[in-house]
Every structure is written in C-alpha cells, then in structure tokens.
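Engineer: For reference, the chains in residue letters:
There are 6 protein chains.
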Amino acid sequence: MTRAYFVTVALFVLAFSFAFASDPSPLQDFCVALKNSSDSAVFVNGKICKDPKLAKADDFYFGGLNIAGNTENIFGANFTPVTVDQIPGLNTLGISVARVDYAPNGQTPPHTHPRATEVIVVLEGTLYVGFITSNPDNRLFTKVLNKGDVFVNPIGLIHFAFNVGKTNAIAIAALSSQNPGLITIANTVFGSNPPINPDVLIKAFQLDRNVVEHLQKLF
Amino acid sequence: MTRAYFVTVALFVLAFSFAFASDPSPLQDFCVALKNSSDSAVFVNGKICKDPKLAKADDFYFGGLNIAGNTENIFGANFTPVTVDQIPGLNTLGISVARVDYAPNGQTPPHTHPRATEVIVVLEGTLYVGFITSNPDNRLFTKVLNKGDVFVNPIGLIHFAFNVGKTNAIAIAALSSQNPGLITIANTVFGSNPPINPDVLIKAFQLDRNVVEHLQKLF
Amino acid sequence: MTRAYFVTVALFVLAFSFAFASDPSPLQDFCVALKNSSDSAVFVNGKICKDPKLAKADDFYFGGLNIAGNTENIFGANFTPVTVDQIPGLNTLGISVARVDYAPNGQTPPHTHPRATEVIVVLEGTLYVGFITSNPDNRLFTKVLNKGDVFVNPIGLIHFAFNVGKTNAIAIAALSSQNPGLITIANTVFGSNPPINPDVLIKAFQLDRNVVEHLQKLF
Amino acid sequence: MTRAYFVTVALFVLAFSFAFASDPSPLQDFCVALKNSSDSAVFVNGKICKDPKLAKADDFYFGGLNIAGNTENIFGANFTPVTVDQIPGLNTLGISVARVDYAPNGQTPPHTHPRATEVIVVLEGTLYVGFITSNPDNRLFTKVLNKGDVFVNPIGLIHFAFNVGKTNAIAIAALSSQNPGLITIANTVFGSNPPINPDVLIKAFQLDRNVVEHLQKLF
Amino acid sequence: MTRAYFVTVALFVLAFSFAFASDPSPLQDFCVALKNSSDSAVFVNGKICKDPKLAKADDFYFGGLNIAGNTENIFGANFTPVTVDQIPGLNTLGISVARVDYAPNGQTPPHTHPRATEVIVVLEGTLYVGFITSNPDNRLFTKVLNKGDVFVNPIGLIHFAFNVGKTNAIAIAALSSQNPGLITIANTVFGSNPPINPDVLIKAFQLDRNVVEHLQKLF
Amino acid sequence: MTRAYFVTVALFVLAFSFAFASDPSPLQDFCVALKNSSDSAVFVNGKICKDPKLAKADDFYFGGLNIAGNTENIFGANFTPVTVDQIPGLNTLGISVARVDYAPNGQTPPHTHPRATEVIVVLEGTLYVGFITSNPDNRLFTKVLNKGDVFVNPIGLIHFAFNVGKTNAIAIAALSSQNPGLITIANTVFGSNPPINPDVLIKAFQLDRNVVEHLQKLF
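Protein chains in written order, with my numbering: chain A, -7 to 211; chain B, -7 to 211; chain C, -7 to 211; chain D, -7 to 211; chain E, -7 to 211; chain F, -7 to 211.
Heads up, a few of these hints could be off.
Remember, identical chains collapse to one label, so a pair may be satisfied in a single copy or spanning two.
[As the list claims (entries may be wrong)] DSS-like cross-link-like pairs, simulated, lysine-lysine; straight-line CA separation at most 27 Å:
hint, residue 1, residue 2
1, 27, 195
2, 158, 209
3, 158, 27
4, 45, 27
5, 209, 195
6, 139, 48
7, 45, 158
8, 27, 42
9, 209, 27
10, 158, 139
11, 135, 158
12, 42, 195
What the hints contain is simulated information worked out from the structure, not anything from laboratory work.
If we strip away everything but chain A, and leave its shape as in the complex, we get:
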C-alpha cells in the first residue's frame, strides 16, 4: 500500500471507511507505524513500527476532519480517509474512520471494501443508502437516512450512498480495518491499468463494443 493509497481518491470520492472483523490482534500495547514505512527496505503484513520508546501522542492523532472536502468532481462527493496512513498509531489495532461530503445529487458510487465492514453516521443532510447481498439472491437493502441516523454495510458487499436532499450532506464512517481498502466498481472494471481485454467486458456487461471502449477511455 503506498502512502498515496487513499489520498488521491478525493477526486472520485467514495467509500465510507469500513471496519473489518478480522485484522490480526495486537501483541503489545501499540505498534506505531513508521511514517515512511512504505519507502523502507522491509515490508510486512501491515506496517513495520517505530521504536515504542519514541512513540508520542501525535502518533495517535489526526486533525482537520471538520473541514469539508471538495465535491466539485464527477461524482459530486469527497472522501477523507483516516486510516493507518494518516494515523500511524492505528497499526495493529483493526479500525479506522473517514469523513464523506456530498453535494446535492452527489454520490459514492457502488463499491466494496475487501477488508472491512462500514458503519456510517449521518451528521448533515439526507442520504439514500444501500447494499446488495452476494449471489444468487442479490437482495438490495436500502434506507433513506437523515441527521443522526446510523447504517451498517457488511464487509465485502457492494454498497453506495446518494445525496437525495437539497443541501450538502456529511457522514462519518467507522471501518473495521486499519486499511479497509476501496474498490469503486466502475473505475476498477473500466479504468484498470492496463485496461481489461474489451471482449471480457462486452460479454460480462452485455454492452456494445463501442460503449465499453468509451467507458474504458472515460475512467
């Protein structure tokens, strides 16, 4: 995971963080990630840690979640993650949070989190949210949420949120992993690097070749 992992997603926005039930447990009080561990010579499951004697309160701190994200983008939304990349003290502790801003009609498009369940708390506005169960039922569970409402998106399931109110909406998300991961469906499938062979997508989505190629250029 590069440092930039979530940081650059602000353009597309997305996922409410998630909290996964299965991060391995800590074996000491804390194991603060080395700030530049992604540039270090040693990689492990999670992050290597700094000398615990050098840990300080700021290693467990992040500021600025009161600041609205910029929603002037294609999805009209903005995601501000607070994972182990932002708070190194989260390493080994199995949880993270995030803030999501939505302009009117803004959305976090359908996505999954490979390593976390997500709990969202609506601070402002009105969101139409939902998740879909796996095959073969693919049941859709939806709810319209207002200020003070809480909703759960179980780990790994595709979910989304849409601002159906006339004002901006704000949500805080709790996620069950220090690094929940985010897979925005459309961007990942049509915007992978390099692109997937179009023949796969034409049959998978039952779309015309020119539509698929258009989408692959777009994302």
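Following the hints, position chains B, C, D, E and F against chain A.
Structural biologist: Quick look at chains B, C, D, E and F alone, frame taken from chain A:
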C-alpha cells in the same frame, strides 16, 4: 450480555465505544442477531441469528444519534452506545459506534474496554484526552482535541476524556468490536456487587479504611 | 446462506471458489453442519452442528466433480461449488473447492469473493485470467494459463477468467473459506432485487438512462 | 515492549499472567524471537525472529520458577513472569506462564490484562480471589482457593488475589498471550508518568484534592 | 466432543495440555458452557452457553489438582486435564491447564495437539523432554528439566516427556486452547476404531505384517 | 521454514496439502514474499514482502502441476507442493495447493498437518483414504474415492491415502494455510535428527529394542 447492558450506563457515562481487532470473522454475508436473543433458550459466543431470509434494512439501522444525551449526572457526561444491542445487524461484523456528550467540566472517567480499540472524532467543543500504557512504564499520552480532531485509544488501555472548554462537547466514537464492553475503574473497583473485601482495597490503593468504606457506599 | 446459495449460479457461472485467511478456528476435531440447518430454528455464525457421535465418513465426502457442467448459457461457463453446503464436514474448517467449466469464449465475468482468496489450477484448456488491485492504482495483473498452471486471486479483489483457447477449459479452484461468497459485478449491480435507483447507476457508470434501464431488465 | 517490561514489576507484584484467545496464529513451526529484538532496527507486531536454522532447545527453555520471589514490598507479593521476553521461543505461539508468591496478607492488587485470560493454579496456601464483570452490572465473582484449586479470570476484566492464610502462598498462572500485559489499577491511574491532571481523578474517584495529590506522590 | 473426551485417557496418560494461538476471541465478558451441552440438542463451534445471569463463581473453578494421578498403567504416567470440560467458564477464552504425574521411567509417549501450544512447568522430579519439527528436517529439540524448569512445545508438533529420575515427577501444563485435543501417536495409528488396513501400516512403518497385527491387538 | 521445506519430500511423498482456518488475515491487497526471504536478515511470522510497487503477475503464478511426480521410491508416491515457497504471492493469504501422484499400491503414509485442513479432489484412479479423531475415541473415518470424488481431512488429525486401484492415481489437494506443514509420523518419530532416546520409543510403541533400533536406522 443483557439488553440493558449499556443502556443504563447513561447515568455515569463512559466510554467511547471501541472497535477491537479480534472479533471472529463472519462466515456469511450477515448474521442479524435475534432481537430477543438474550431471553432465548440458546446462548453462544456473540448472538444467535434470525433466519437470513427475514432480514430487513431496519436490522442494519439505528436512529437518533443527533439527540444530545442528558449530562445532568455526577460526571457531567452521557454515553449513547450503538452496539449489537442497538443494531442487531452488527452481529459477527466486529465494529460499533457511540455518541458522547459532555457538559463543561464533564468527563468520561478512567476506564478500559476489554474487547476494543476506540477512535474518537470530536464534533464540538474541547476535550483533554489521554491513555496510559501498561506496567512498568505507565506512560501517559495526552492531547487537547478540538472540533475535527481524531484520537486513538488502543485496546485494553485505561483512558479518559475531560471537557476543558466552556461549552458542551460532542464526540463520535468508533470501536473495534460488536460488543466492546466498558469497565469504569472507580465504579467497578469501589462499586462492585457485592463489594470487594475492604482489606484488599485499603492495601491496593493505600487509603484509610474509612475512605474506602465511604467510596464503597458512594459508588 | 440458503442451500441454493451457489447451486443456482450455474446459469451465469462464475467464480472459482476462494479460500479466505480468516474463518474462525475450530474448537474441536470437527463440527459437521446439520444438513438442514438453514431450515432449523437456530442460526449462528457458520452452521450449527450435528451430534459428533453421529458423524460419518459421508459427512466429509462429495462425489461428481469429474462431471462437466453445462456451459450452454449467456456466459458460456459453469461453476460447481463444493462448500459447506455440499460437504457439511467443512463447517469450521475454513476451506472449500470448486470446478469451473468453460466453453470456447466462455468466461467467469468480473466478480469478487467477500470472504476468500482463490487459487486456481487449470486441468484443461487455455485461460486468460486477471485481478485488479483496489483504489487508487487499480493495477491489472493478467496471465494466460495452460494445463498445469496455478494462479492466485487475493481475497476481495475483482477478478475474471476468459477461455481464449479453441477447446473447452476446466479448472479446479481452492478457496479460503467454508462459504467464500460470490458477487458477480454486473449481475449484482444491474440485477439486484429490487433494482437500484437508476439515477445512482447513471452517474456511477456514466451511462445513458436507457442503457441502464436496458441492463436492469437484462440481468 | 521493552525487555524490562515485566521484569521490574517485582516491586509491586501483580498479575498472574494470562492467556488471551486472540494472538495471531503461527505461519511456521516456530519463530523464535531475536533476543535483542527490542534494540533492533526493525519492530513488528510481536517480535522479529532469528534464523530458524539457528534455533536451539534453550530458546524454548526457562529455569528457576522453583525459586520464591522476594515479597518484602508494599504489597507483600512478587510476580515472576515467563513471557516471550523470558522464552523467545514463545513468539507467535499465544501463551505464557508466571509464578506468584504471597506473604501472609500479601496481595496482587486489582489489575487487568489487556491481551489475556488467566488461569491460576494454587500450589501452596490460601487465596481469596475474584474478578468483576464490566458495566453496568459490575458483578463480583469470588472464591477462596486452597492447594490444588484452579480459577479463571476472563480476558480484560479487573481481578485480584489476597493471601488470607497464615503462611506464604504460591500460584502458577497460565495466560493466553505471548505478551499478556499488566495494568495495575492504582499504580496506573495514580502513578502514571507524567501524572494525570488531578481534576480528572478528583471527579472520577470522588476524592478530595489532597487525597488525590497524596496518592499521586505515593505511586 | 463427548464429556468423556479427556477423562478416560488416564490409562495411557499423555499430553501436557497446550495453549493454541488461534481460538476465536470472546464477544462478551464470558460465555460459560452449559454443563450438559454435549447432550443438548444444539451443537456449535465450542460450546453453547448458559444464561449469563445464572453464571456463578463455581463455573470458573476446579479443585483437586494437588492430588497425584494413578500411574499404575502401561506408560507409568497419568494426565489430569482441566479444559472446558472441567471448567465450563473456559468456554470462548482460549486456554486450559493440566497436571501430569510420572512414576520413575514413566512417560507421556510421542503425541501431538491439533489445537494448542503447550508450556510445561516441572514441579517435582527430572524429565527428558523433546519435540520434533515437521518435514523435511525433523529436527529433535531436547532438554532435561528439573524442578522449576519451563519448556515450550509448539502447536501441532510431535513431543514427549520421559521421567529419567529415580523419583516421581510432576508437571503443570498450560495449553493455548479451551479444548487442545490430544493425539497419542501409537494408540491412534495402531489402536484406531476400527483398525486401519494393515497394508497401510506395513508400508508406512516398514514393519512385518505380524508385528503390525500384534500392535493392532495391543493398542 | 527453509526453501527446501517441502521440496525434498518427494522421496517419501506425503501429504495432500491442507487448508488451515486460522492464518492471520491480510492487511493490504497482497504482500508478496521476498523470493529469498529465508536468506534475508529479517524473519517474521510468515514472510517479509517485496515492495508492492514491484509486484508482478508472475508472483501469483506457478507452472507445471500437469507433470507427474516420480513415484519410484519406498512409498510409491510423490507430493508436489504449491505453497508460499513456490508462489510468493500466497503470503498472508491463508491457502495453498498440491498435486499427489500414486503408483499402484503407493501411499501417503499416516501424517498430520500442524497448520491446515486438507480437501482432496481425485483426478485419476482409486484411493482408500481415512483420518482418525483424537483421544480417547480415535475413530477411523474411511472412504474409497474415485475420479471426481472429494474428501476432507480436518486440521491436525492423522490421515493417509492408499492407491488400491490397478493404475496410477492423481489427486489435487487444497490446504488452509500458506505453509501447512507436514509431519509424516513414521519418519518423524523414528527418523528424527538426532534420534529420540530408544527407551522412549520402546515403551511408547511397545516394540522390542532391536525393532526400534532397526527402524531408527531405516528412516
């Protein structure tokens, strides 16, 4: 865990819930807790579930976290948990959230969570927060938090929060367990049911017998 | 999870099973699932078990994986799962397998498994396979596999397989969960029950309303 | 965790080690901790290991648990831990043990273990032991133990042991983590480094300022 | 697991219990096993629990580990387990203990524990102990232990203990599972019920048919 | 685990891989093992990883499982493992596979896997397979498998497979760990390095001294 588990704690307030890294992982999309499972004939690790075909969106929903809790109590604070007892859909998913309200000078007194790390997000006000590491160092890590600040209390460590501002404070907490548990130190040690033999506490806290007996009546 | 969970997916085909690293560990030699546990009065994380004294060798057995699945369907492929629904003795043991058949040009369309990593072994034919990493990189890793080749699709990531040979292809998949789950992207997003509000999909996939509505009818 | 972690606690005594249910599982036969890993340049969750080819029987050995600890201290007790710091071969294996000695009237004062359940076996003497459940019930479970008696203190709960016999007492403890951790309540709350703001403790324990300040000097 | 699981092993003796690193974590303060859960209508991973309101101190207690086991048997040793079958409060807590008695020349023959690491503490006597690593090295690690010595047998590896002193020996074992399991190699391979086809054992152990058939009668 | 871990076992053959339920979960999309990590200066639980930016499709690939192993050895069988040692991309993902070849009358002799459950799929031939439960019941579960049959060997239990057909047999195994481990009973007990004191084995297996010493030379 009885349904009343956290519900009645509002008097004393407490802990920002926490999310522990080690809840067992789910073995299906979800396993919504039976509403009245605590009254059922069968108890398991966690909760028994309702028939998945009967699950509905409301099983993943909780409303009212926008409402301030009543802080007119001895600690000047109020804790509103949203765990598996409030959202049955959280069962098997390893995460929960909470809202904490603080009057000026209000506090969540020193406490631990036996099953969760906690991440707090300050929505309003100014909090002096801290946690203490285990023996033998017992290092205190503290920080003064303002609106938009985030702080981590690692699983199992004693921590607290004190409203040092002149206005009410509000925080949202994310916790790494569906049922993080809360152990308020003073209430637990001096207010257990039945009381601990005073001789234990006199020596443990190096207090006079009359002080210990006074505290045992108080809590 | 109903018994029909995977069984009916044969029409669309799909995923090579997966084996997830995080199923909870067993607490006894085995805990054979009750055959009709999905119809029982008690649901738990995983399955309730039969009396261990009644366990027999057939509880750990499944026959018929040598039989080719019917690939005469829209995707030209067929998925035969062998999970805890087929072998009740897999309960609590964290693993399952599957067979996948592909007609020429057949495919398992892009999908994820919320609870498992998948390892595929090609028995016959030639498959173009790949997976895509999460945001923001969305890197595509692909390989053309022939008889005797093995490939890994890490847990939760979107992946696919396409028969680029002129003959039928056969693969065996190992998955790291007793119940890995399967989320076929197109079917889930466009074919959920009930359908997602089209406005969400129009913006998410940047498609025309009539294309979205066409797809929602199709899947 | 520094090497000195538990070693210096002998003055205050403490916890019977504990065994926690959730240390991550081993991925090889063993992963013997580097003796001086706490001084190394690389820290991870748990300990980095020595080359497995260099492992020897002594890496799995500790001697001297037959020797009584010195109980001439304020609590009249002494704790001798045998964790991964004493036996490097315990790394990744999720268990440790300890010996506790008690002079008459000696005690291990109320404490928690953030990462372990503890099972104690009384070898000599008579101990009044107990643990307290979490909020809101704070139920006290107590028992007087004699030679050959065994008792369980569940992970994370506050517990204690008091020598109510007229002779020395000895106990062996098994704990469910390679590094269970120990949080002696009084020392941690009143003796943290640096001290907690007294205003927090005055309100939390409902004590006079001079009593709090006296305790903060004492511990 | 029947109640008799470990109880009847006294004849052969055996394993020092073990503590496994991977029992699933608890989701509440405790989940005391129903005493007669093995006779109940519902089986789960681990044990179903009694109503927590009915839990009492005796659920966390076992007495009599000071009593020597009867070593008048073929192996000259006796194993007294204290697992979840003896202490129902151990359910969900991932640890257990045991006492082992050895007459002079008595032994716990080579065995494995499928779900636990074992830590042994020698209380009396002199034991030659050892474990063997897995293929292909099969390295033997041995040590002669005296009073107060501690040794670790990593999870799943074959190990043994032999009383090489002239007096009785006593050991306490800690094991990392509530139900570690015990597989005495000779008894299991040659004494299974029903017996293994002798042709398998003749080739596997490179023994004459009459020796194999003799052993199959013996065990 | 040395690189040679499984590689050299071809002489004796052995275990069908296994899949263990409890490998710790991944904390990122993948963590590809450094090819020469066993020679590196840093060892951890599992393997240290390469820079994720340098990961490539070949890290998730292994070729050649279509090639029959050489069964001209004492057991008439051959085991070809595909674990994290063969596919570095399996690191942190909790699963592996293997191919096993059997000449007529060939066998994988009784063995255990300390870290994995195994699911076998028979591709060709006829195998008599079985596993034995732990003490005190030591129940034997057996089945004769033909092409397309699947069977489960639960983690840690002793199991075996014997080619009772007149032709070669081939099986694919899925195992629930990236490094399941393999303990061939006879080789480990009688062929350890250095040898176990014969007095232990004479009593454990109730064999004559000369038989034991013969076996120790043989293995």
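Engineer: Can you tell me if residue 158 and residue 139 fall within 27 Å by alpha carbon in one copy, between copies, both or neither?
Structural biologist: Both: 14 Å inside a chain and 25 Å across chains, each within 27 Å.
Engineer: For the identical chains here, do residue 158 and residue 209 meet the 27 Å Cα criterion within one copy, between copies, both, or neither?
Structural biologist: neither (32 Å within a copy, 30 Å between copies)
Engineer: With 27 Å as the alpha-carbon cut-off, assign the pair residue 45 and residue 27 to within, between, both or neither.
Structural biologist: both (15 Å within a copy, 18 Å between copies)
Engineer: My question is about residue 158 and residue 27: at a cut-off of 27 Å on alpha-carbon distance, are they close within one copy, between copies, both, or neither?
Structural biologist: For residue 158 and residue 27, the Cα distance exceeds 27 Å both inside one copy (41 Å) and across copies (35 Å).
Engineer: Up to 27 Å between alpha-carbons, please classify residue 45 paired with residue 158: within, between, both or neither.
Structural biologist: neither (51 Å within a copy, 35 Å between copies)
Engineer: Pop the pair residue 27 and residue 195 into one bin, within, between, both or neither, using alpha-carbon distances up to 27 Å.
Structural biologist: Neither, since 44 Å and 37 Å both go past 27 Å.
Engineer: Reference check for the pair residue 139 and residue 48, CA-CA at most 27 Å: within, between, both, or neither?
Structural biologist: between (35 Å within a copy, 21 Å between copies)
Engineer: Go through the copies and call it for residue 209 and residue 195: within, between, both or neither, with a Cα cutoff of 27 Å.
Structural biologist: both (18 Å within a copy, 16 Å between copies)
Engineer: Between residue 42 and residue 195, at a C-alpha cutoff of 27 Å, which is it: within one copy, between copies, both, or neither?
Structural biologist: For residue 42 and residue 195, the Cα distance exceeds 27 Å both inside one copy (49 Å) and across copies (36 Å).
Engineer: Quick one: residue 209 to residue 27, C-alpha cut-off 27 Å, is that within a copy, between copies, both, or neither?
Structural biologist: Neither. Shortest intra-copy (36 Å) and inter-copy (36 Å) distances fail the 27 Å Cα cut-off.
Engineer: Quick one: residue 135 to residue 158, C-alpha cut-off 27 Å, is that within a copy, between copies, both, or neither?
Structural biologist: within (17 Å within a copy, 38 Å between copies)
Engineer: Indicate which option fits the pair residue 27, residue 42 if close means a Cα-Cα distance not exceeding 27 Å: within, between, both or neither.
Structural biologist: both (8 Å within a copy, 18 Å between copies)
In terms of the numbered hints stated before, the structure departs from hints 1, 2, 3, 7, 9, 12, listed from lowest to highest.
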